[in-house]
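Following the hints, complete the assembly by docking chain B onto the known chain A.
Residue numbers (my numbering), protein chains in the order written: chain A, 45 to 313; chain B, 932 to 1286.
Please note that a few of the clues may not be correct.
[Unchecked claim] Residues from chain A that keep clear of chain B, each with C-beta distances beyond 10 Å, as calculated: (1) Glu64; (2) Lys68; (3) Glu72; (4) Ala75; (5) Glu208; (6) Glu221; (7) Glu223; (8) Ser227; (9) Lys230; (10) Lys232; (11) Phe234; (12) Asp235; (13) Val237.
[What the hints assert, rightly or not] In silico DSS-like pairs for lysine-lysine, Cα to Cα no more than 30 Å straight-line: (14) B:Lys1070 / A:Lys281; (15) A:Lys61 / A:Lys230; (16) A:Lys194 / A:Lys61; (17) B:Lys1195 / A:Lys281; (18) B:Lys1196 / A:Lys281; (19) B:Lys1070 / A:Lys46; (20) A:Lys194 / B:Lys1070; (21) A:Lys194 / A:Lys46; (22) B:Lys1203 / A:Lys281; (23) A:Lys46 / A:Lys68; (24) A:Lys46 / A:Lys61; (25) A:Lys68 / A:Lys194; (26) A:Lys232 / A:Lys61.
It should be emphasised that the hints constitute simulated quantities derived from the structure, not laboratory data.
Yeah, the Cβ is synthetic: ideal placement off N, Cα and C, and Gly gets one too.
Here is how the chains run, residue by residue.
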Amino acid sequence: MKVTAFLTDSTLCIGCKACEVACKEWNEVPADGFAWQGLSYDNTVALGHATWRHVQFVEGNPQPGHGGNSPDLLSWAFLSDVCKHCENAGCLEACPTGSIVRTEFGGVYIQPDVCNGCGYCVVSCPFGVIERSPDDGRAFKCTFCYDRQKAGLHPACATACPTESIKFGEIGELREEAEARVSELKAKGFDDVHVYDPRDSSVGGVHALFITRGDPKTYNLPPRPEVPTVRLGVGWKSAGVAAGLMLAGTLLAFLGGGHKAGGHADGQY
Amino acid sequence: MGNTDTRFSQASGGWPLMREERLQQIRREAQDLGIVQQKGIRPVGAPFLQASAEHGYYGLPVLKGPPWTPEVPAYLFVGGAAGAAAVIGSVAGLLAPSDRQLIRDARWVAALGAVISPALLVSDLGMPSRFLNMLRVFKIHSPMSVGSWTLVAFSSTAAAAAFAHSFRNGGGSLRVVENAAGALSGLFGLGLATYTGVLLGATAIPAWYENVRVLPVHFAASGVGAAVSLLELKGHASNPALNTLGIASALTETLVGASVEANKKPAFAPLKSGRSGWITRIGGLLSGPLPLVLRLIAGSSGSERSVRLRRIAAASTVAGSLLTRQGWVAAGRASAENPSVPLELPARPALAQTT
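Only chain A is shown next, with the shape it has when bound in the complex:
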């Protein structure tokens, strides 16, 4: 089975939101409300339980010469954000029911008939992707179109994208394609293009690569995401120490129980 990935290229995105719509239609994702956020023309705001693709609108300084921009007008870059499908996925590790699993395509998938809505995956995602639905009660996020991939199809968003800004394919090939695209762009004079693929972090790489104009932070992509399981060792060690002190303290307090206890420091933690 091929291990697959997305490559989302902000230099090709025109902000049409066909990916958002295609995702909603195929996966029957409910409406996510509408509110003017007043910061840009992006009124989808963020990924969430009912938003599995999110087109970001980044307004930049005027860039005369690129795409026929007038010298007075702001430039615009778009990027369609999505679940990163981490190699070491915080949500998957945290899920106490085993509802969140790794698919044969390398994606991270929530089995909706198992999730009981404990919400622990939400605080374990270093990208703030997964969310508990207040109406339904369960957690939802991008399924990587597991059903379509099973049937040999590409995900709905990649299929609908009119500019091939969202590419879908084998992860190794896409990594090469990303590097090639960046060299091509740099040769054309775009010095601020980056590939976002945090392979050096504890997340160990993602199945949703991005090519961004400017610093990936501009698109809320954290420079060093950490899978929360890296903190388990320290946490459990500390819990062991705490439990030991608790038991020792209680034993000491009762051993010295017959005396006046005001000055005892024995029971300290």
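Frame of chain A, contents of chain B only:
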């Protein structure tokens, strides 16, 4: 507004371009001065946050905070107190077997917590009817899974110990059951009172994970304080061992509070400022320095004055322990809303709220 209109029409020819140009002007002004002076067009929340390497994506959150209902912090309190009460019950059974009253009350505090805790957790679930899915698998990598199993083990043993104690009528086989179940509930109680620190610490939330080392000790001390205080309020306010434990708990809480206050890392801000900061601080005061001073003054002479002071300390500790858990969950929520830690943004002056 007449003046503005004249300026508008002088600015450019066509109406649409003129509007675009004017918008541009406003943006530049906002960017340069941090505020738009002209009346009637000042957007709410100026100065504008931008999408940039300094602000992230318009200052919008990267992370999502805990979606939990108030039942979860309430459970953190109840579970902690119940776990510690079970430990006190078993240790008292071992070292102070003559104090039947204390053993009985400690077992019952544990058992009551053992019944209330799962109820609180189940009612927070998005799909309460599927609570048994928690026991579908055991995942050592998931503190939530480890905690669920610990709670089940604790609840059954703590309830068994309390019932065996009530029905044994002075000996027989039920006494063996009580002691065995009591010892086990004490063991699981140690886990129950401490795992919640790992539960919060091993997440992606900066205010929590920066404290992953402190949280288990903090929550254990908070649980011990609450258990001791509940027993004192139940009529054991002259027991010297409980006061020693209470002092140890209050001292630990004071040290934890001081270390949080002293830490200058930006991730600690939600524990010290805003609504979540106030809850955490008041909780810390009520379970740390205040009962510490009261308990040291009171001693454990059993005099009327000592008992009265210890009861005040006990009430303060229980309230403090409950507030502490509320504060930490609220701080997690506030922490998730700030993108500056996960994006490693440069420090910048506080901006007006945009929402």
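Non-interface label on Ala75 of chain A, tested against every C-beta of chain B at 10 Å: It holds; Ala75 of chain A is separated from chain B by about 19 Å at its closest Cβ, greater than 10 Å.
Restraint status (C-alpha distance of Lys1070 of chain B to Lys281 of chain A at most 30 Å): 17 Å, holds
Agreement of Lys61 of chain A and Lys230 of chain A with the hint, judged by alpha carbon distance not exceeding 30 Å: Answer holds: Lys61 of chain A to Lys230 of chain A is near 27 Å, not above 30 Å.
30 Å Cα cutoff - pair Lys194 of chain A, Lys1070 of chain B: 27 Å, holds
Verdict on Lys230 of chain A as a residue remote from chain B, using beta-carbon distances over 10 Å: 19 Å, holds
Given as non-interface: Ser227 of chain A, partner chain B, CB spacing beyond 10 Å: Nearest chain B Cβ is 23 Å from Ser227 of chain A, so the label holds.
Outside-interface status for Glu64 of chain A - nearest CB in chain B farther than 10 Å: 16 Å, holds
Nearest-CB test (10 Å) between chain B and Lys68 of chain A: 20 Å, holds
Non-interface claim for Glu221 of chain A, where every Cβ of chain B lies beyond 10 Å: Holds, since 25 Å exceeds 10 Å.
Straight-line alpha-carbon gap Lys1203 of chain B to Lys281 of chain A, limit 30 Å: With Cα atoms ~26 Å apart, Lys1203 of chain B and Lys281 of chain A stay inside 30 Å; holds.
Given pair status - Lys281 of chain A, Lys1195 of chain B, alpha carbons within 30 Å: At roughly 25 Å apart (the allowed maximum being 30 Å), Lys281 of chain A and Lys1195 of chain B satisfy the hint.
Exclusion check [Asp235 of chain A not at the chain B interface, CB over 10 Å]: Fine: 14 Å to the nearest Cβ keeps Asp235 of chain A off the interface.
Hint compliance for this structure: every hint is met.
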